[in-house]
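Asks: Letter by letter, the chains look like this.
Protein chains: 2
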Amino acid sequence: MVDVHVHEVGTRDGLQSVPFFVPTEMKKAWCTGEAEAGVHEIEVCSFVPVKLLPQFADAAEVVAHALTLEGLTVAALAPNLKGAERAMQLGVHKINYVLSVSESHNRANVRRSTDESIEDFVRIVESARGRPEGQRPIIVAGLATALGCTIEGNVSEDRVRQIAVRVAAAGADELIVADTVGYGNPAAVRRLFRAIKSDVGEIPIKAHFHDTRGLGLANVLAALDADVRAFDASLGGLGGCPYAPGASGNICTEDLVFMLEAMGLKTGIDIQKLIAVRQQVQQALTDQPFHGTIAKAGLPRGFALAHAA
Amino acid sequence: MVDVHVHEVGTRDGLQSVPFFVPTEMKKAWCTGEAEAGVHEIEVCSFVPVKLLPQFADAAEVVAHALTLEGLTVAALAPNLKGAERAMQLGVHKINYVLSVSESHNRANVRRSTDESIEDFVRIVESARGRPEGQRPIIVAGLATALGCTIEGNVSEDRVRQIAVRVAAAGADELIVADTVGYGNPAAVRRLFRAIKSDVGEIPIKAHFHDTRGLGLANVLAALDADVRAFDASLGGLGGCPYAPGASGNICTEDLVFMLEAMGLKTGIDIQKLIAVRQQVQQALTDQPFHGTIAKAGLPRGFALAHAA
Numbered sequence: 246m247v248d249v250h251v252h253e254v255g256t257r258d259g260l261q262s263v264p265f266f267v268p269t270e271m272k273k274a275w276c277t278g279e280a281e282a283g284v285h286e287i288e289v290c291s292f293v294p295v296k297l298l299p300q301f302a303d304a305a306e307v308v309a310h311a312l313t314l315e316g317l318t319v320a321a322l323a324p325n326l327k328g329a330e331r332a333m334q335l336g337v338h339k340i341n342y343v344l345s346v347s348e349s350h351n352r353a354n355v356r357r358s359t360d361e362s363i364e365d366f367v368r369i370v371e372s373a374r375g376r377p378e379g380q381r382p383i384i385v386a387g388l389a390t391a392l393g394c395t396i397e398g399n400v401s402e403d404r405v406r407q408i409a410v411r412v413a414a415a416g417a418d419e420l421i422v423a424d425t426v427g428y429g430n431p432a433a434v435r436r437l438f439r440a441i442k443s444d445v446g447e448i449p450i451k452a453h454f455h456d457t458r459g460l461g462l463a464n465v466l467a468a469l470d471a472d473v474r475a476f477d478a479s480l481g482g483l484g485g486c487p488y489a490p491g492a493s494g495n496i497c498t499e500d501l502v503f504m505l506e507a508m509g510l511k512t513g514i515d516i517q518k519l520i521a522v523r524q525q526v527q528q529a530l531t532d533q534p535f536h537g538t539i540a541k542a543g544l545p546r547g548f549a550l551a552h553a554a
Numbered sequence: 246m247v248d249v250h251v252h253e254v255g256t257r258d259g260l261q262s263v264p265f266f267v268p269t270e271m272k273k274a275w276c277t278g279e280a281e282a283g284v285h286e287i288e289v290c291s292f293v294p295v296k297l298l299p300q301f302a303d304a305a306e307v308v309a310h311a312l313t314l315e316g317l318t319v320a321a322l323a324p325n326l327k328g329a330e331r332a333m334q335l336g337v338h339k340i341n342y343v344l345s346v347s348e349s350h351n352r353a354n355v356r357r358s359t360d361e362s363i364e365d366f367v368r369i370v371e372s373a374r375g376r377p378e379g380q381r382p383i384i385v386a387g388l389a390t391a392l393g394c395t396i397e398g399n400v401s402e403d404r405v406r407q408i409a410v411r412v413a414a415a416g417a418d419e420l421i422v423a424d425t426v427g428y429g430n431p432a433a434v435r436r437l438f439r440a441i442k443s444d445v446g447e448i449p450i451k452a453h454f455h456d457t458r459g460l461g462l463a464n465v466l467a468a469l470d471a472d473v474r475a476f477d478a479s480l481g482g483l484g485g486c487p488y489a490p491g492a493s494g495n496i497c498t499e500d501l502v503f504m505l506e507a508m509g510l511k512t513g514i515d516i517q518k519l520i521a522v523r524q525q526v527q528q529a530l531t532d533q534p535f536h537g538t539i540a541k542a543g544l545p546r547g548f549a550l551a552h553a554a
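Residue numbers (our numbering), protein chains in the order written: chain A, 246 to 554; chain B, 246 to 554.
Honestly, the hints are just simulated from the structure, not real lab data. Relax, there's no trap hidden among the hints.
Same chains, same label: a pair holds when it works inside one copy or across any pair of copies.
Below, a list of computed lysine to any residue pairs in the SDA-like style, where the Cα atoms sit at most 20 Å apart:
(1) Lys541 <-> Gly398
(2) Lys339 <-> Glu419
(3) Lys541 <-> Ser262
With the hints as constraints, model all of the structure from the sequences given.
Replies: In structure tokens form, the structure reads like this:
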């Protein structure tokens, strides 16, 4: 049993900003390494048109490999019905559908209104429900820009709550609430997650934070206070924005695991194995900025012994 | 009025790990720049033997300059009675005396036992009380390695509390509780600060966190939960440990101010002016690693307007 679920998204959120194709074997080894370190859910790829993101041209092969890893929940991102159906055909366990709460961001990202994206989500849920028992993936609604938007600035908490309620009513099995651009702060995080939890009841809510402005782990602590118990993270904090040189991306998986384990919250993840995977991935991704501190500073004296996975 | 006090220590904790002498004019400009940005307390130097830390050979001149800056509380570190008396003669407003809770760390740092350091603190308090009214500095007891030690590993919470009570009884006007080596985590921080506050009553307690393992700002959030309202920080997170290449040092002043202001907690500090000082200091300290994210990623859209100092 774990106290807090840490899900890897570097294989999707991280790789989508890497400007060259990462070999399929490397992606497979990354998934294998993390699964062996105890990570029990990985967002292994994105089902976007290959023209837009050639990085995921090998999605089918990566998914097929990930599905062989025992105990691993294989998740994939889908921005529309077409991507979701492809993911279902390939047998992924979980589909993370993403729409932006910010209207402008949604239009910039998927060229349609947030309402149109919600309608598409309804179709995805129907499509999943039409599948035979045992072949129905978990359908997740991801709310991007829930804590701010680089185009619109502030994003209204009321709007986030309304959209959360709508996708929950539409049949979302889980929600992801995402600070896509690193605008969130602990006060806003506590307020927003508490509000959404009271609105949608028992649906599991995962937090997806970026560390762009350094508040990633403080935001995790704030979300823990709001009883959030699942977090996305990226190995080495991979996924920095190409428009902000040096800026970090997702919160760093190994630093997150370190914080949680140090606090006495079990993740089921062996941090030293995780750091070994980081080194392997970093070697393959030469010149990509790897963030995070624990891999550089090392674990505190006596830590490993007290926190054996 | 400010909600949270942010004190600069880069001029002391940062500079003591810079391997070359930083020109006196640069140190003065740093103090001036931060005071103009709204920072109302700076630990401007350390009164250690010049043989041990030649960086602070110009302490008298830096203090004299800092004392001309209106509204600024001029603090200085002193590791012993001799340093404290020199600081008093020069007219500093506040003396931050430091001892390590970890016996081994105290011996490595100042070559005596923690008990001997406490006895020295008693003499410093007496020396300050013997001075004429109006020339008595505020005497602060800083408890280093309060959240762990690179030599001993875990540091007992009971021992920290006992020492806090002893220095409070000895006449400390304020306490600094320091995670000197970045071993702390939010759960330990909440526990320790709440415990010490309940032990020592009304004495102001400041937190001094290092970001060596990435948890600096999460630890700040935890300390805020324990009603701590004063924090040390270092511009650009200057002060990394020479034994951990790439590891960051103190929590970064500008990132801390960003987090607090984003949360709606007033610091009185103009973050854009602070970033301008960072750039000035960074130019002078070529090749020194500057940490922190907000200077790289930029403030969120619409932030500056909403949070004008």
